[in-house]
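**Student:** Here's the letter readout for the chains.
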Amino acid sequence: MLIPCPVCGLRDSGEFTTGGDASIVRPAFDDGDEAAWAAAVYDRSNPLGAHEEYWHHVHGCRHWLIVARDTQTHAVFGARLAGAWAGYQSGAPSDKPGPD
Amino acid sequence: MGDYSLWSVVKNGLTGNKSWKPAWRKAAPKPSYDVIIVGGGGHGLATAYYLAREHGITNVAVVERGLIGQGSVGRNTTIVRSNYLLPENSRFYEWSLKLWEGLSQELNYNVMFSQRGVLNLAHTPSQLDQYAQRGNAMRLGGIDAELLAREDIARLCPGIDLSPNARFPIEGGLFQPRAGTARHDAVAWGLAYAADRMGVDIIETCEVTGFIRDGSAITGVETSRGEIRAPKVGVAVAGMTSEVMRKAGVERLPIESHILQAFVSEPVKPLIDTVVTFGAGHMYVSQSDKGGLVFGGNLDYYNSYAQRGNLPIVQEVASELLAVFPNLGRLKLLRSWGGVMDMSMDGSPIITTGPLPGLFLNCGWCYGGFKATPGSGWCFAWTIAHDEPHARNAAFTLDRFHAGTVIDEKGAGAAPRLH
Chain B
1 MLIPCPVCGL RDSGEFTTGG DASIVRPAFD DGDEAAWAAA VYDRSNPLGA
51 HEEYWHHVHG CRHWLIVARD TQTHAVFGAR LAGAWAGYQS GAPSDKPGPD
Chain F
1 MGDYSLWSVV KNGLTGNKSW KPAWRKAAPK PSYDVIIVGG GGHGLATAYY
51 LAREHGITNV AVVERGLIGQ GSVGRNTTIV RSNYLLPENS RFYEWSLKLW
101 EGLSQELNYN VMFSQRGVLN LAHTPSQLDQ YAQRGNAMRL GGIDAELLAR
151 EDIARLCPGI DLSPNARFPI EGGLFQPRAG TARHDAVAWG LAYAADRMGV
201 DIIETCEVTG FIRDGSAITG VETSRGEIRA PKVGVAVAGM TSEVMRKAGV
251 ERLPIESHIL QAFVSEPVKP LIDTVVTFGA GHMYVSQSDK GGLVFGGNLD
301 YYNSYAQRGN LPIVQEVASE LLAVFPNLGR LKLLRSWGGV MDMSMDGSPI
351 ITTGPLPGLF LNCGWCYGGF KATPGSGWCF AWTIAHDEPH ARNAAFTLDR
401 FHAGTVIDEK GAGAAPRLH
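Line order of the protein sequences matches chains B and F.
Going left to right, the first sequence walks through residues 1 to 100 as the numbering used here numbers them.
Going left to right, the second sequence walks through residues 1 to 419 as the numbering used here numbers them.
With the rest of the complex left out, here is chain F:
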């Protein structure tokens, strides 16, 4: 039994809440570990968690430059789904979705995973045909998908403008009922808590400044808190991938860092009880448990490490939201922020051994990192433990770009800002 239960809430409530332990220790680095994970985001924490849980490797350090939850794990729009077309992607993301379904129980931490569904709106007959193709591909892969007519959408989400006078009239949609949202901060805290309880050291404010090498092999990291050695080092630093890998002597990767903005409105009464995506541009919106509408859209398109964006995309995304929900015209924006995306050259991730001996790389998550959190950690942990990828991530290699086996879900080509 974990720390959190009805019994522990009652007991601590009656005794002044004085015996709670911190969700994770403020660990100081030891000189050596079996595995070091660079990056304490969702994927790094999930990797450490599954290393301990699935492979019995508990002598693990997660080194994080900032604090847990400060990076993109706390900046995304919290959407979880597996509605992909290509088999490599749909297989991986469906595995991740299945892990999400049991995650709160497994972690003994409520990540508030809410399977409220994701509705992709189609605005032309040809787009609806494409959605039918994608839905069929999903169903053939054992994933739930429903093609919806306008009347179905009216029942599912009454706020959507379904009139023929809409700026981009809606033809129908593709719905994945098992998709949904999760509380992103709780995911970071829950994974950190569960990993910590199995013995993983989560070392915050510990920036990797270099790699320790033995010949060509990586045998540890130099950090702002001293040297830490391990025969295996996994890098899961998302938007900072290029800069961290440069410290290991890898100068060029099929990755560009881009800025993605997200927005939340003032809280309102329940209005949207699913996730709605706009198909005539790019916008996705859901309503948080506090009532705020959480939404986002396209990248700002230019390379950026800034964690903040510019105004043109704010206007674009807001106008797309109003094209679907004209009734939100008087709603006030509460906050906006940005996160750095590791955009890969084909829009699909990289979970692989190498590119140096002793090194393992997890990156290229584009917009899709949050929903992949448990799947990515599970596959990366397997890859680190077995020194080879699992079948679920075997296609997500680094050399696929030079080998001509790219996984281009969108068919956008080698233009990372368009994925």
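Chain B with its partners taken away, still in its complex shape:
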């Protein structure tokens, strides 16, 4: 499986570690709704087919990516940077701050 890292280019998946489902939205830290927290921590859609997930390019640029991938065919549709670097494209000028 090859992952197109926006910084490093097309790299083998062995250079990455996975971080799981990227569609999970955590409640705000001061949100006291226990059910919402439990749902964010434990409940997963777990789709067969298209799935967005976090991958960490740990043996590369060390950026966290959001990779769109098919869980049935292992086809990788694309990857973008997560966190403070979201929207960054390799080679394009950027006014983004440093990594968080």
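Some hints here could point you the wrong way.
So the derived list for chain F, only partly shown, Cβ under 10 Å to chain B, looks like this [what the hints assert, rightly or not]:
#, residue
1, GLU256
2, TYR302
3, ASN303
4, PRO312
5, ASP342
6, GLY413
Quick caveat, the hints were computed from the structure, so don't treat them as lab data.
All residues carry an ideal CB built from backbone N, CA and C; glycine is no exception.
Since the structure of chain B is already known, use the hints to place chain F on it.
**Tutor:** Chain F only, in chain B's frame:
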């Protein structure tokens, strides 16, 4: 007396083997049953078998999308054990192990259950301390466990590299003598045969496409072979749980589907007569009756329904095998394959009523589904027959995640790929 005996072998042998009946009929779906089990894997078949045997409910359909034995029941590394720490788990898996001990006789089908023991290797003093704790917990629960020193391991399994120069030197190990392996295909065939002989309809190539509802209650299933109705529907579809439950309107569950690879080497002469697990990573190996070394390790870690994995984990597991058995360096890999694991959020299973009226759910088996086959079927059958869980599976609820009563054997937290 069942179909299979010395007498029937002799009789059929002398008459040209023409009067054997198929192990199970190719049943066509009837319009309605008392219970429908979705999923003809080990757990679904065991559930149908125990419904018929323990509860007298024989008007049962097992609907299977593919063929019997094609899913994870025929893809696992065949290990059976009950060496757990937490009481909910050790009680359940020990019950399952006890059912294994009588299964071949009970089914009239040889599942080749071989109590060759499982040896967990410890590579640090602290890991050996942990194993002592687990072994003590097991013994307090009435389960056999022995803490082994290096010399004991040398006697038990001479091929293991016990030298101080090993990549991860071995300090000792925890041994469960009553654990072992079973022939996984025979388990599927034997359960299908025994359930069929008690009247259960095993309906293959019958994919569930939807659920029939009466208000909020589930009253049957829509399948590729027509509608089938029943007041009780049990779902035991392992890796496909999320997708099947979505058809019933349950969008989110504490389950992720992951890929687990397994491997078998070319056959060699007897070398490993127990099950050995590597403790400095994750690898388990045993030798099949044909002589092939059957081994596996960690998940590929990413969500997958593919029944096949990628190469990095092949390298990882092979290098772990060589760390324990350097003498296997020239052995050739014969085959590798993958199975889809229903990884739960705490590493423990779910056997429960609900989450909808008329529906029953059995899932979350992580790596441990095969050894649980009879225990899972027994408990799920009880739960379906009595509309409430037995004490043995009362802790394996679906709402434990929201209630804060998770059963996290490994202490890995809500990261299903790490269980």
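**Student:** Now look at each hint and say whether the structure bears it out.
**Tutor:** Quick rundown of the hints versus the structure:
Residue-level restraint check for F:GLU256 holds (minimum Cβ-Cβ distance to chain B is 5 Å; threshold 10 Å). For the restraint placing F:TYR302 at the interface with chain B, the shortest Cβ-Cβ distance is roughly 5 Å, inside the 10 Å limit, so the hint holds. Nearest Cβ of chain B to the Cβ of F:ASN303: about 5 Å, under the 10 Å cut. The hint holds. Interface restraint check for F:PRO312: the shortest CB-CB distance to chain B comes to about 4 Å, inside 10 Å, so the restraint holds.
Hint status for F:ASP342 relative to chain B: holds, with the closest Cβ pair at about 9 Å, below 10 Å. With a least beta-carbon distance of about 9 Å to chain B, the hint placing F:GLY413 at the interface is held under the 10 Å criterion.
Checked against the numbered hints above, the structure breaks none of them.
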